[in-house]
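Engineer: The chain contents come next:
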Amino acid sequence: MKKIKGYSITLTVNNENYDLTAEPNRTLLEVLRDDLHLTGTKESCGEGACGSCTVLVDDQPVRSCLTLAVAVEGRHITTIEGLSQGGALHPVQDAFVAHHAIQCGFCSPGMILTAYALLKENPSPTEEEIRRAISGNVCRCTGYAKIVEAIKSLADQGRQER
Amino acid sequence: MGDLKVIGKRIPKKDAPLKTTGAAVYIQDMKVPGMLYGRILYSKYPHAKIVKIDTSKAEALPGVKVVLTGADVPNNFKFGFIKDNPPLKTGKVLSTRDEVAAVAAISPEIAEEALDLINIEYEELPGIFDPLEAMKEGAAMVHEEFKSNVLKMPWKFVAGDVEAAKKASAFIAEDTFSTQWVTHCCLGTSGCIASLDINNNLTMYSNTQIPSLAQNDFLEALKVFGFKNKRVRVIQCVIGGGFGSKLDTYAYEYIAILLALKARKPVKIVFSREDEFLATSPRQCTITKISQGCDKDGRLTFREMEMILDNGAYTSWGATTPSVMMVPISSLYKVPNIFYRAKCVYTNNTYSQAFRGYGNPQATFAIESNLDQLAEKAGIDPLEIRRINANEPGEVTPQNFKITSCGMKECIDEVVNRLDWKNKSGKHNGRGVGMASLIHVGGAARVYKSDGCGTIIKVDDNGKVDVITGSSEIGQGSETIISQIVAEVLGMSIDDINVINNDTDVCPWDVGAHASRTTFVAGNSALGAAQKIKTQIMEIAAKNLGESPEALEMKDGIIFSVKDKEKNISLGKVLRKVHYTLGGRMLVAEHFYDPPNENFDQNFKGNLSVAYAYGAHGVEVEVDKETGQVKILNYIAAHDVGKALNPMLLEGQIYGGGLMGIGYALGEKMIWDKGYLKNGTFLDYKMPTVQDAPPVQAVIVETDEQAGPFGAKGIGEPGLVPTAPAIANAIYDAVGVRIKDLPITPEKVLAALKEKEKGNP
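The listed protein sequences correspond, in order, to chains A and B. For the first sequence, the numbering used here begins at 1 and goes up steadily by one. For the second sequence, the numbering used here begins at 1 and goes up steadily by one.
FYI, nobody ran anything at the bench for these hints, they're computed from the structure. Some hints could be false.
With a Cα cut of at most 30 Å, we get these calculated DSS-like pairs of lysine-lysine [unchecked claim]:
1) B:5 / A:152
2) B:9 / A:152
3) B:563 / B:577
4) B:674 / B:78
5) B:686 / A:152
6) B:678 / B:44
7) A:3 / B:265
8) A:3 / B:57
9) B:686 / B:289
10) A:3 / B:44
11) B:31 / A:5
12) A:3 / B:262
13) B:78 / B:52
14) A:152 / B:631
15) A:5 / B:57
16) B:31 / A:3
From a predicted model like this one, the values you see are computed outputs, not experimental measurements.
In isolation and in its complexed conformation, chain A is listed as follows:
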């Protein structure tokens, strides 16, 4: 195997700094799962088509399977493990549980982070906006109905809070 020189980088993940060495071709997904043992981020297709590996970089959803680790040094990375605080589920997670937006759960971390990013940017999205936002996240179990319903319940709250 050809040896590729690794670079020392510092990644900020869920508000913690990690010093590590990463080859320039190493993806954020690989670093999160294999080096930091944050296995909540899932790989399903490995080519950016399904959204299972979605994490947030500065609150924007990105495909960690297509993102190089060295490219996100100094940025704020949020994985699913960073969403719940103080042992309590985040309201987006709560809504997914309450509305049965989860079956096998493999798409859920990516789906939840995508929904979180949408609601952060737009607290009261329309159904059309919700559908557009999660259109890059594939789910095979739920038929999406209850995922949309869960996000809508938060959007309605957002609308009320305005």
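On the provided structure of chain A, position chain B as indicated by the hints.
Structural biologist: Structure of chain B alone, referenced to chain A:
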């Protein structure tokens, strides 16, 4: 049924919090100390002689621990339904998913690199990729030793006299329909970790849907490998989707065991998405010739179907799908005369397996499309022909199915009312409505000698309950449903109930998560165990309270006298009293439920299931005549579920099944071209996204099935069974073209519209 506290409530899935936080451990996330990473090399050609394999370069790569080829498989071991499939092939390859070599290395990257260094010299042979070609006289044999490409399987069902019924029919409609390969696309790919101890006892970390049967398969394999009287433990990780894809054992599992045996270290094999497309088994593609007839009043007189299934190069349990196809063929609507014959044909294509519905969607597509053709010939509204012939409670069908609860007519009515059928059908103005019904097993299916499931319940000193069940949680929510059943019986909160369901060393036997059977069978099993433990608890409490057990009730962890609520004792206290005493004991109960259903006899007659699930789907579509694009405007999925134990989880099954069915109808197709898969990625295989998900109304029709736990029947598979014909019928109603070959792509619709303009039928 009294006042239900937990049953029938919209209770969130118990494992959902774990899955929302990323804490759920799937096979992808699982690690075992010292573990190696296995990878499999697949054949370059669909049909070829293996002339020479040179693994020396791969073996020399630092970090590679084991390289295996077919020569390393001991004692000619083969697996599969008729044991025709060696885990690594020797001599010849018969499809591009044939496993030819495997490596185990210290990292996935090294394992991958090692595959590139394996040098195989092939001599390519002409292949057979069309089952019709393979059936011709003089065709080359896929398996020379079998002397025929048609499997020796007796798929034939006859009832009454079809020929006589044809003569007596007022109207007959005949046509040919075909369906494509589609695949499960579980987001969590297949995988396992095989770990052997010093005595060659195997622990298999797995995402199988059939832990008990897989355990048996692996025991058999160890025996052939030369290790008799060993133990096999199957531990299921959290399963990232099943849908039937994990209903059999696969080559990769045996390869992992062989690699681990040679390396003397645990070996993990997890499929990449490309592997998953190539090397798991899709829904079988079919060609169906059908004719149905009716009398002048629209009563069905006969149904005749001949079906050809592409078996691929090897035979899995999938070759038994004709037995489930028989369910709608013999028993969807009242049809007195039936003739059905199916042939499974070897080709050099991928081999098929179980996929949600297990043959039923293919059969129902032909039946329900053709029924609309018959209705048109007879001049009857498609809705009326379904009402006239609808199944009813108390019926005994030609296959000897004893119909107990049956809400088919109610489901049809729901569709009609919610679609506004009377005003919308028959307009032919670019918008149209269509419907299709379904029958499926709803009270398990006796495929094996046992159709049972065991449950053990134990109560701890603090009054909490552990339910140890044989059934598998594959995302469908069985853990929650079982908790609800036990909680209802014991008057407890489901939070006080812990379900253990993933370890064959601990859990009782179960035949597997298939045939929409888990709520029904595991539910009845849990119900029986809960009632037994309740009896024990009440007896002990009665002694302590100086009452008779009949005078007591249990609620929220307190047992009290119905007459005098002051006379009470907590469940935990009851437990401690029997436990912490001289000659004490633990409170444990077990119950094995095996439904009173029947294996088919030689003529495929027998009451396969204790109960049958019914449903009807209705759809309104708009067809763009310029592009052939079909847009679903409204979709009604009405299901007779017996009793909805948890309407929220149940709707999840209907929505999920429905969209999977819509994908099957309108877009999904594995393109196998002369033995090569052309679209084995998520970019190229068009699985529905949220933008493809139309508005669906999930309608629950309750019929209270007496044999079901609290009245429930199965719902796992039915959601996708009638989807494709309902859509095809709606398209015909909208624009007058009938697409008989799935999926119904815009190209096909457009071509049919052009043919219609030319005046061709």
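Engineer: Next step is simple, just say for each hint if it's right about the structure.
Structural biologist: Hints versus structure:
About 29 Å separates the Cα atoms of residue 5 (chain B) and residue 152 (chain A), which keeps this hinted pair within 30 Å; it holds. Restraint check for residue 9 (chain B) and residue 152 (chain A): the C-alpha separation of about 22 Å stays at or below 30 Å, so the hint holds. For the hint linking residue 563 (chain B) to residue 577 (chain B), the alpha-carbon distance of about 23 Å falls within 30 Å, and the restraint holds. Proposed proximity of residue 674 (chain B) and residue 78 (chain B) is supported: the alpha carbons are some 26 Å apart, at most 30 Å.
In summary, the hint linking residue 686 (chain B) to residue 152 (chain A) is supported, as the alpha carbons are separated by about 26 Å, within the 30 Å threshold. For the proposed pair residue 678 (chain B) and residue 44 (chain B), the alpha carbon gap of about 14 Å is at most 30 Å, so the pair holds. A threshold of 30 Å between alpha carbons decides the hint, and for residue 3 (chain A) with residue 265 (chain B) the separation of about 26 Å falls inside it, so the pair holds. With a CA separation close to 18 Å, the supplied pair residue 3 (chain A) and residue 57 (chain B) stays within the 30 Å bound.
For the suggested pair residue 686 (chain B) and residue 289 (chain B), the alpha carbons sit about 28 Å apart, so the restraint of at most 30 Å is met. In summary, the hint linking residue 3 (chain A) to residue 44 (chain B) is supported, as the alpha carbons are separated by about 29 Å, within the 30 Å threshold. For the given pair, residue 31 (chain B) sits about 27 Å from residue 5 (chain A) by alpha-carbon distance, which is consistent with the 30 Å threshold. About 28 Å separates the Cα atoms of residue 3 (chain A) and residue 262 (chain B), which keeps this hinted pair within 30 Å; it holds.
Distance hint between residue 78 (chain B) and residue 52 (chain B) is fulfilled; the C-alpha atoms sit about 21 Å from each other, no more than 30 Å. For the proposed pair residue 152 (chain A) and residue 631 (chain B), the alpha carbon gap of about 23 Å is at most 30 Å, so the pair holds. For the proposed pair residue 5 (chain A) and residue 57 (chain B), the alpha carbon gap of about 25 Å is at most 30 Å, so the pair holds. The suggested pairing of residue 31 (chain B) with residue 3 (chain A) holds, with an alpha-carbon distance near 25 Å, which does not exceed 30 Å.
In summary, the structure agrees with every hint in the numbered list given earlier.
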